[in-house]
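As given, the protein sequences belong to chains A and B, one line each in that order.
Under this note's numbering, the residue at position 102 of the first sequence is numbered 102, and the numbers go up by one with no gaps.
For this note's numbering, add 1000 to where a residue sits in the second sequence, where the first one is 1.
By construction, these hints were calculated from the structure, which means they are not laboratory data.
Yeah, the Cβ is synthetic: ideal placement off N, Cα and C, and Gly gets one too.
Fair warning: there could be bad hints in the mix.
What the hints assert, rightly or not - Which residues of chain B face chain A? A partial, calculated answer using Cβ under 8 Å:
hint	residue
1	G1016
2	S1018
3	I1019
4	S1020
5	F1054
6	D1057
7	V1061
8	T1103
9	F1106
10	P1107
11	G1108
12	Y1141
13	P1153
14	T1156
15	D1157
What the hints assert, rightly or not - Each computed SDA-like pair below joins lysine to any residue, with the alpha-carbon atoms no more than 25 Å apart:
hint	chain 1	residue 1	chain 2	residue 2
16	A	K120	A	P319
17	A	K32	A	T64
18	B	K1089	A	N261
19	A	K77	B	R1145
20	A	K237	B	R1145
Spelled out, the chains give:
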Amino acid sequence: MADNNIKSMLPETSETTNGRHHIKLSEDSLAKQTTTLNLGPTHPATHGVFQNILEVDGERILRTDPTIGYIHRAFEKIAERRPYYQVTPLTDRLNYCSAAINNIGWHLTVEKLVGIQTPKRVDYLRVIIMELARIADHLVCNSVIGVDTGALTGFTYVFQYREKIYDIWEEVCGSRLTTNIGRFGGFERNFNQAAWDKLDDFMRTFPRAFEEFQILLDRNRIFMERCMGAGPITAEKALSYSVTGPNLRAAGVDYDVRVANPYSSYEDFDFKIPVGTTGDVYDRYMVRNTEIWESYSIIQQAIEKIKDLDPSIYHADVPEFYLPEKKDVYTKMESLIYHFKIVMGETNILPGEVYHAVEGGNGELGYYLISDGGRSPYRLHFRRPCFIYYQIYPEIIKGGLLSDAVVTLSSLNVIAGELDA
Amino acid sequence: MLNHEHIIRRLTEKFGSSISFEEPYGFLTVTAPAADNLKVLQFLYDDEELKFRFLTDLTGVHYPDRIGEELSVVYHLHNLVDNVRLRLKIYVPSTQPDVFTATQLFPGANWMERETYDFFGFNFIGHPDLRRILNADEMDYFPMRKEYTLEDPQRTDKDDEMFGR
Chain A
1 MADNNIKSML PETSETTNGR HHIKLSEDSL AKQTTTLNLG PTHPATHGVF
51 QNILEVDGER ILRTDPTIGY IHRAFEKIAE RRPYYQVTPL TDRLNYCSAA
101 INNIGWHLTV EKLVGIQTPK RVDYLRVIIM ELARIADHLV CNSVIGVDTG
151 ALTGFTYVFQ YREKIYDIWE EVCGSRLTTN IGRFGGFERN FNQAAWDKLD
201 DFMRTFPRAF EEFQILLDRN RIFMERCMGA GPITAEKALS YSVTGPNLRA
251 AGVDYDVRVA NPYSSYEDFD FKIPVGTTGD VYDRYMVRNT EIWESYSIIQ
301 QAIEKIKDLD PSIYHADVPE FYLPEKKDVY TKMESLIYHF KIVMGETNIL
351 PGEVYHAVEG GNGELGYYLI SDGGRSPYRL HFRRPCFIYY QIYPEIIKGG
401 LLSDAVVTLS SLNVIAGELD A
Chain B
1001 MLNHEHIIRR LTEKFGSSIS FEEPYGFLTV TAPAADNLKV LQFLYDDEEL
1051 KFRFLTDLTG VHYPDRIGEE LSVVYHLHNL VDNVRLRLKI YVPSTQPDVF
1101 TATQLFPGAN WMERETYDFF GFNFIGHPDL RRILNADEMD YFPMRKEYTL
1151 EDPQRTDKDD EMFGR
């Protein structure tokens, strides 16, 4: 290496005499008692693109400076140029662990704007899809808490069931992770027999596997020691920081959008809202576990309720907004006209302003939509629960151990796509 | 039970005719003068009957056609006790987009205001840490404003005359 290069790497205060370099550290560098540690942006323990610059004293965290926005894709701007039906694939990529909830939340928002009433069967089918998404989302979060505490086994037990949920979605909409499921007014096609069979198989086999997962972790002394007391959030702090979802409920506040502002006929179902007490990692884990059982029971109820309804209905009768089936487009004049109008963005959407919220995997997922009567939204804002509650993270890991910070991050279930939009 | 008439009455008693009300899609929307945003938020927060103590969302909207009040800040508040939602809107000119910060009242407004600043360029007076959050720090414009079109306006190969905006 050239001599000049070495010089440029030394601190400015260093001296060179007779070709020998004498390194002199700056005055305050020896007095500094803490270490600055860069965690991320890509680190296996963060499960996504998160950067945190930590100031640590040994293992204790003194200060955290989070940097976000690494995968910002300007969805709100892009949505201002797209026809309404083309916004659905953008919502997929917010919380990609439960994309179906985002899609259906967006459809419900537009249905509210244009005033579409969906039939009961559509509502129940949507409830099945959304609750499956919630189970998939919570499974990822909870099994990953296990992985971050060193228990990989639980993860392998339940991830298979996430695959089974994806298989069901594949039958319903053709894709697995970023689902783009449904249309305004309902679904693009009815659930086929394979979908019902796969759902049936899931409902039969899932409880045993999930019970096994819970036996592994719930009362496991090592797991409890790692999780209890780590990253606690009090109810007051959670509310003042606008935290929603399982993280708020773990702090003891029973707020759930499904109950507070029921959508998609959630008022027809009987389910409990689990709450925690201390809002620490263990409470968040337990709240999610209980919610999985509640979601399971909601799906059971929905399957029962659907049996009494006309099995041929899978969308509302709103030809102006509902993209018709392809075979009708090729054979029927009317469908062809509507298909053309919808695809070219010529449907008549009146000016208006709506806010619609659904209970996403991580909390209140809100859509604030302003229409000026044009083919695309005038303004669309996503209220992303992750983005809002991630700002509490530096505060709750302060004074804790570095390893606690890692479990706290996974128990908050911060999803990079939703964080950065 | 708290209803919209009661909220409107309480607010009119307090602020008189400076604020106006709408109910699009059954969602009570209050428009207040920009200088009074904190007073209204504080009143909604403190009042024993209103108790709007949960800030659901905070965002901005750009209306280039409204001369003198081009930029709008929209607050979505929630009274979790009575389960009533309310939207508060204020308008400021894009030449001087000064808005008082809500971070003293709602610590959670911190990042929401940073995001709104990042995209629209509001100057949140009193914000503890008004930096860009999602975009790059060296960016020198506010991309969600309507003058920044998504597609290159110089493009000639695409004819939007018949279809599209």
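Hint-by-hint comparison with the structure:
For G1016 of chain B, the suggested interface contact is broken, since its CB lies about 25 Å from the closest CB of chain A, more than 8 Å. Given the 8 Å rule on beta carbons, the hint for S1018 of chain B is violated: about 22 Å separates it from the nearest Cβ of chain A. With 8 Å as the threshold, the beta carbon of I1019 of chain B stays out of range of chain A, its nearest partner Cβ sitting at about 17 Å, so the hint is violated. Below 8 Å, beta-carbon pairs count as interface contacts, and S1020 of chain B has none with chain A, the closest being about 15 Å; its hint is therefore violated.
Proximity of F1054 of chain B to chain A holds as hinted, the smallest CB-CB distance being about 6 Å (cut-off 8 Å). Given hint, D1057 of chain B at the interface with chain A, holds; its Cβ is 4 Å from that chain's nearest Cβ, closer than 8 Å. Hint status for V1061 of chain B: holds, given a least beta-carbon distance of 5 Å to chain A, under 8 Å. Below 8 Å, beta-carbon pairs count as interface contacts, and T1103 of chain B has none with chain A, the closest being about 10 Å; its hint is therefore violated.
For F1106 of chain B, the interface hint holds, since its Cβ comes within 8 Å of a Cβ in chain A; the closest pair sits about 6 Å apart. With a least beta-carbon distance of about 5 Å to chain A, the hint placing P1107 of chain B at the interface is held under the 8 Å criterion. Of the supplied interface hints, the one on G1108 of chain B holds, with its beta-carbon coming within about 4 Å of a beta-carbon of chain A, less than 8 Å. Taking 8 Å as the C-beta cut-off, the interface hint given for Y1141 of chain B is violated, the closest approach to chain A being about 12 Å.
Given the 8 Å rule on beta carbons, the hint for P1153 of chain B is violated: about 12 Å separates it from the nearest Cβ of chain A. Proximity of T1156 of chain B to chain A is violated relative to the hint, the smallest CB-CB distance being about 18 Å (cut-off 8 Å). Evaluation of the D1157 of chain B hint against chain A yields a violated restraint, the C-beta minimum of about 16 Å exceeding 8 Å. Between K120 of chain A and P319 of chain A the alpha-carbon distance is near 18 Å, which keeps this suggested pair within the 25 Å criterion.
Distance check on the hinted pair: K32 of chain A and T64 of chain A sit about 17 Å apart at the alpha-carbon level, within 25 Å; holds. Distance hint between K1089 of chain B and N261 of chain A is fulfilled; the C-alpha atoms sit about 22 Å from each other, no more than 25 Å. For a cut-off of 25 Å, the pair hint linking K77 of chain A to R1145 of chain B stands: about 9 Å separates their Cα positions. The suggested pairing of K237 of chain A with R1145 of chain B is violated, with an alpha-carbon distance near 33 Å, which exceeds 25 Å.
Going down the numbered hints, you'll see the structure goes against 1, 2, 3, 4, 8, 12, 13, 14, 15, 20, while the others check out.
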